[in-house]
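Student: Sequence:
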Amino acid sequence: MKAASLIEDLISVADIAKKDFAKSVSMSASGLSRFLTGQQFPSLTDHQSFSREAAKLLSSVIYEPKCHLRLTARFPCIYDFSSENDLMVFLSSAISYALEYDFAIDHQVDLHYGASELFYYTHRRVLNMTCIILSDLLHQEKNETLEMFSAMPLLFGELPYSLSRIIFTNEHQQRIILNHSLNFEKASLSESYVKMNNPFGKINQLEQDFDLCLWETNYHYKQVYLLLKNHCLLTYDSLPDGTPSLRIIRNKNYLLHFLQFVKKCQIRKLSYNRDEVRQLLRNEPSLAMSLIKREPQALYSFIPLSYYLSPDETAGIEESQEQRELMHCFLAALMNTDACFFPSGASIGEFARSGKTIVPFSGSLHISKEERIKMMHRLVSRIGPQMLEKTKVIYTSMSNAAILCTKDLTLLYMISPDDSSEKIHLFFLPNVAEYLEQDFHNKQFRLLEYTPALWQSYIDEIRNRLK
1 MKAASLIEDL
11 ISVADIAKKD
21 FAKSVSMSAS
31 GLSRFLTGQQ
41 FPSLTDHQSF
51 SREAAKLLSS
61 VIYEPKCHLR
71 LTARFPCIYD
81 FSSENDLMVF
91 LSSAISYALE
101 YDFAIDHQVD
111 LHYGASELFY
121 YTHRRVLNMT
131 CIILSDLLHQ
141 EKNETLEMFS
151 AMPLLFGELP
161 YSLSRIIFTN
171 EHQQRIILNH
181 SLNFEKASLS
191 ESYVKMNNPF
201 GKINQLEQDF
211 DLCLWETNYH
221 YKQVYLLLKN
231 HCLLTYDSLP
241 DGTPSLRIIR
251 NKNYLLHFLQ
261 FVKKCQIRKL
271 SYNRDEVRQL
281 LRNEPSLAMS
291 LIKREPQALY
301 SFIPLSYYLS
311 PDETAGIEES
321 QEQRELMHCF
331 LAALMNTDAC
341 FFPSGASIGE
351 FARSGKTIVP
361 FSGSLHISKE
371 ERIKMMHRLV
381 SRIGPQMLEK
391 TKVIYTSMSN
401 AAILCTKDLT
411 LLYMISPDDS
421 SEKIHLFFLP
431 NVAEYLEQDF
441 HNKQFRLLEY
451 TPALWQSYID
461 EIRNRLK
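In terms of my numbering, the sequence shown opens at residue 1 and continues consecutively.
It is possible that some hints are incorrect.
Claimed, not checked - Simulated crosslink set (SDA-like; lysine to any residue; CA at most 20 Å straight-line):
hint, residue 1, residue 2
1, 264, 178
2, 142, 8
3, 142, 177
4, 252, 230
5, 374, 397
6, 374, 384
7, 390, 426
8, 229, 140
9, 269, 142
10, 392, 264
11, 407, 66
12, 19, 32
13, 2, 109
14, 264, 141
15, 222, 240
16, 252, 465
17, 392, 442
18, 263, 315
19, 56, 124
20, 374, 292
21, 390, 314
22, 222, 177
23, 18, 63
24, 374, 431
25, 392, 449
26, 263, 211
27, 18, 60
28, 229, 266
29, 66, 170
30, 269, 426
31, 56, 46
32, 369, 216
33, 23, 33
34, 66, 171
35, 142, 73
36, 374, 457
37, 18, 61
Quick caveat, the hints were computed from the structure, so don't treat them as lab data.
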């Protein structure tokens with residue numbers, strides 16, 4: 001049962017004696033034992049008092065700064081509690097939710113085909129119940145692949161109703177597919193487009209916990225939603241006086257209908273993994289060079305990419321001659337545009353230390369210490385004079401990614417730290433290069449203009465490693 005399992009876990013986290021817990025909720029030790037083994041439940045009229053008294057004791061013992069970190073095994077969606085009362089209200093809601101769920105199951109109420117729905121309002125309840133319901137589902141299905149569909153403002157703008165406080169922890173390394181819808185027309189017309197938090201940094205964070213797939217949609221968000229396929233739909237809105245509200249629907253017939261609606265609104269796929277990209281390039285090799293025709297404006301490289309390698313030098317990780325030639329020609333053409341080039345200091349340092357080089361959608365290889373100096377000289381010779389004048393080394397925490405901005409399309413390339421997966425995300429938005437330059441300037445990231453002396457300092461670092 002949900003409630004018994006939850007109470008057992010919370011007693012363990014609090015490290016209190018079960019007899020003390022039993023006393024706090026007006027139960028005998030034997031009554032608590034029967035409850036924890038699913039043989040006895042508090043009566044429906046006692047749910048509220050049981051939840052309140054249990055939460056009062058548990059929060060008094062558990063609360064301390066950052067105590068939410070002790071609860072992530074049970075609540076993978078949680079937030080940092082600002083007070084003991086915050087924690088008490090959260091635990092009371094979680095226990096009450098579990099008791100009501102058990103009561104419905106015990107009385108054979110079919111939660112998945114009934115017409116009823118759950119409704120919550122106020123900032124605190126919307127935040128708490130979002131965490132509780134998502135955590136319950138993630139905990140229950142921790143050994144299964146989950147698929148979600150979202151129209152939340154995850155990338156452009158801010159999450160509503162304090163939901164930005166939520167911290168997600170994927171301790172079980174569960175595969176969660178997150179299909180996220182974007183409306184570029186709305187994003188480009190919104191004032192928040194030029195004031196937004198960097199969406200590429202957010203994607204970098206999301207990819208650590210989710211298998212993210214972006215879709216362009218023609219849906220104009222009247223309400224934001226999160227659909228957990230085959231499980232539940234969460235919709236967020238506000239009451240006439242502006243009070244936030246959350247509605248949860250579990251009816252499986254309606255969930256199927258809503259999923260069909262979501263897919264009908266998806267007009268273009270924006271994310272492609274390694275296999276999909278390779279298939280696209282096999283079917284239409286001209287796609288790569290078509291990016292050059294879109295007038296590249298800026299290239300941010302937070303990983304050591306294979307700009308300096310010839311097709312023959314990548315044969316060890318790429319069998320296809322056509323693929324090797326295609327990637328070489330694309331990178332050579334890109335480096336001879338007049339786009340601004342921003343290699344990161346971290347990517348240069350990684351190459352200096354390990355020689356690691358990423359060949360997009362083929363794999364990675366390691367350049368020997370003896371060859372690294374040669375490759376550093378070769379890279380400068382491969383950069384066209386117009387790009388070289390606009391080259392600056394950028395120091396930022398972003399990694400495992402590269403961003404190519406053209407006049408009307410931006411491509412975000414990502415690779416996992418162990419090189420096991422690669423992905424590109426497409427953004428059909430204008431002037432992203434200008435936005436990123438301003439964003440990095442506002443964040444006061446360190447930028448060093450290319451000079452022969454600067455480049456020589458990196459080469460000297462490699463030479464020192466040879467001694």
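Student: Compare the structure with each hint and give your call.
Tutor: The hints, checked one at a time:
Restraint check: the Cα-Cα separation between residue 264 and residue 178 comes to about 17 Å, which is no more than 20 Å; the hinted pair holds. Annotation: proposed proximity of residue 142 to residue 8 holds, straight-line Cα distance about 18 Å (limit 20 Å). For the given pair, residue 142 sits about 13 Å from residue 177 by alpha-carbon distance, which is consistent with the 20 Å threshold. Restraint check for residue 252 and residue 230: satisfied, since their Cα atoms lie roughly 6 Å apart, inside the 20 Å limit.
Restraint check: the Cα-Cα separation between residue 374 and residue 397 comes to about 27 Å, which exceeds 20 Å; the hinted pair is violated. Note on residue 374 and residue 384: the hinted pairing holds, with a Cα-Cα distance of about 18 Å set against a maximum of 20 Å. A C-alpha spacing of about 24 Å is found between residue 390 and residue 426, which places the hinted pair above 20 Å, so the restraint is violated. At roughly 14 Å between alpha-carbon atoms, residue 229 and residue 140 fall within 20 Å of each other, so this suggested pair holds.
With a CA separation close to 28 Å, the supplied pair residue 269 and residue 142 exceeds the 20 Å bound. A distance of roughly 44 Å separates the Cα atoms of residue 392 and residue 264; the hinted pair therefore is violated under the 20 Å criterion. Distance restraint check for residue 407 and residue 66: the Cα-Cα separation of roughly 44 Å exceeds the 20 Å cut-off, and the hinted pair is therefore not satisfied. Simply put, residue 19 and residue 32 have alpha-carbon atoms about 8 Å apart, close enough for the 20 Å limit, and the pair holds.
For the hint pairing residue 2 with residue 109, the CA-to-CA distance comes to about 15 Å; that is within 20 Å, so the pair holds. Only pairs whose Cα atoms come within 20 Å are accepted, and residue 264 paired with residue 141 is rejected, the gap being roughly 27 Å. In summary, the hint linking residue 222 to residue 240 is supported, as the alpha carbons are separated by about 14 Å, within the 20 Å threshold. Annotation: proposed proximity of residue 252 to residue 465 is violated, straight-line Cα distance about 62 Å (limit 20 Å).
A C-alpha spacing of about 16 Å is found between residue 392 and residue 442, which places the hinted pair at or below 20 Å, so the restraint holds. Between residue 263 and residue 315, the direct Cα distance comes to roughly 40 Å. Violation of the 20 Å bound is thereby established for this hinted pair. A hinted pair counts as satisfied when its Cα atoms are at most 20 Å apart, and residue 56 with residue 124 qualifies at roughly 17 Å. Our distance criterion of 20 Å between C-alpha atoms is broken by residue 374 and residue 292, whose separation comes to about 27 Å.
Note on residue 390 and residue 314: the hinted pairing is violated, with a Cα-Cα distance of about 28 Å set against a maximum of 20 Å. Between the alpha carbons of residue 222 and residue 177 the distance comes to roughly 24 Å, so the proposed pair goes past 20 Å and is violated. Between residue 18 and residue 63 the alpha-carbon distance is near 19 Å, which keeps this suggested pair within the 20 Å criterion. Distance restraint check for residue 374 and residue 431: the Cα-Cα separation of roughly 36 Å exceeds the 20 Å cut-off, and the hinted pair is therefore not satisfied.
Straight-line distance between C-alpha atoms of residue 392 and residue 449 comes to about 4 Å, which keeps the hinted pair within the 20 Å bound. Among the hinted pairs, residue 263 with residue 211 is consistent with the structure: their alpha-carbon atoms are about 18 Å apart, no more than 20 Å. A hinted pair counts as satisfied when its Cα atoms are at most 20 Å apart, and residue 18 with residue 60 qualifies at roughly 15 Å. Restraint check: the Cα-Cα separation between residue 229 and residue 266 comes to about 16 Å, which is no more than 20 Å; the hinted pair holds.
Taken as a hint, the residue 66 and residue 170 pair is honoured in the structure, with Cα atoms around 18 Å apart against an allowance of 20 Å. A C-alpha spacing of about 9 Å is found between residue 269 and residue 426, which places the hinted pair at or below 20 Å, so the restraint holds. Taking the CA atoms of residue 56 and residue 46, the gap is about 15 Å. The hint holds against a cut of 20 Å. A hinted pair counts as satisfied when its Cα atoms are at most 20 Å apart, and residue 369 with residue 216 does not qualify at roughly 45 Å.
For the suggested pair residue 23 and residue 33, the alpha carbons sit about 13 Å apart, so the restraint of at most 20 Å is met. For the given pair, residue 66 sits about 17 Å from residue 171 by alpha-carbon distance, which is consistent with the 20 Å threshold. Taken as a hint, the residue 142 and residue 73 pair is honoured in the structure, with Cα atoms around 11 Å apart against an allowance of 20 Å. Between residue 374 and residue 457, the direct Cα distance comes to roughly 14 Å. Compliance with the 20 Å bound is thereby established for this hinted pair.
In summary, the hint linking residue 18 to residue 61 is supported, as the alpha carbons are separated by about 13 Å, within the 20 Å threshold.
Checked against the numbered hints listed earlier, the structure breaks hints 5, 7, 9, 10, 11, 14, 16, 18, 20, 21, 22, 24, 32; every other hint is satisfied.
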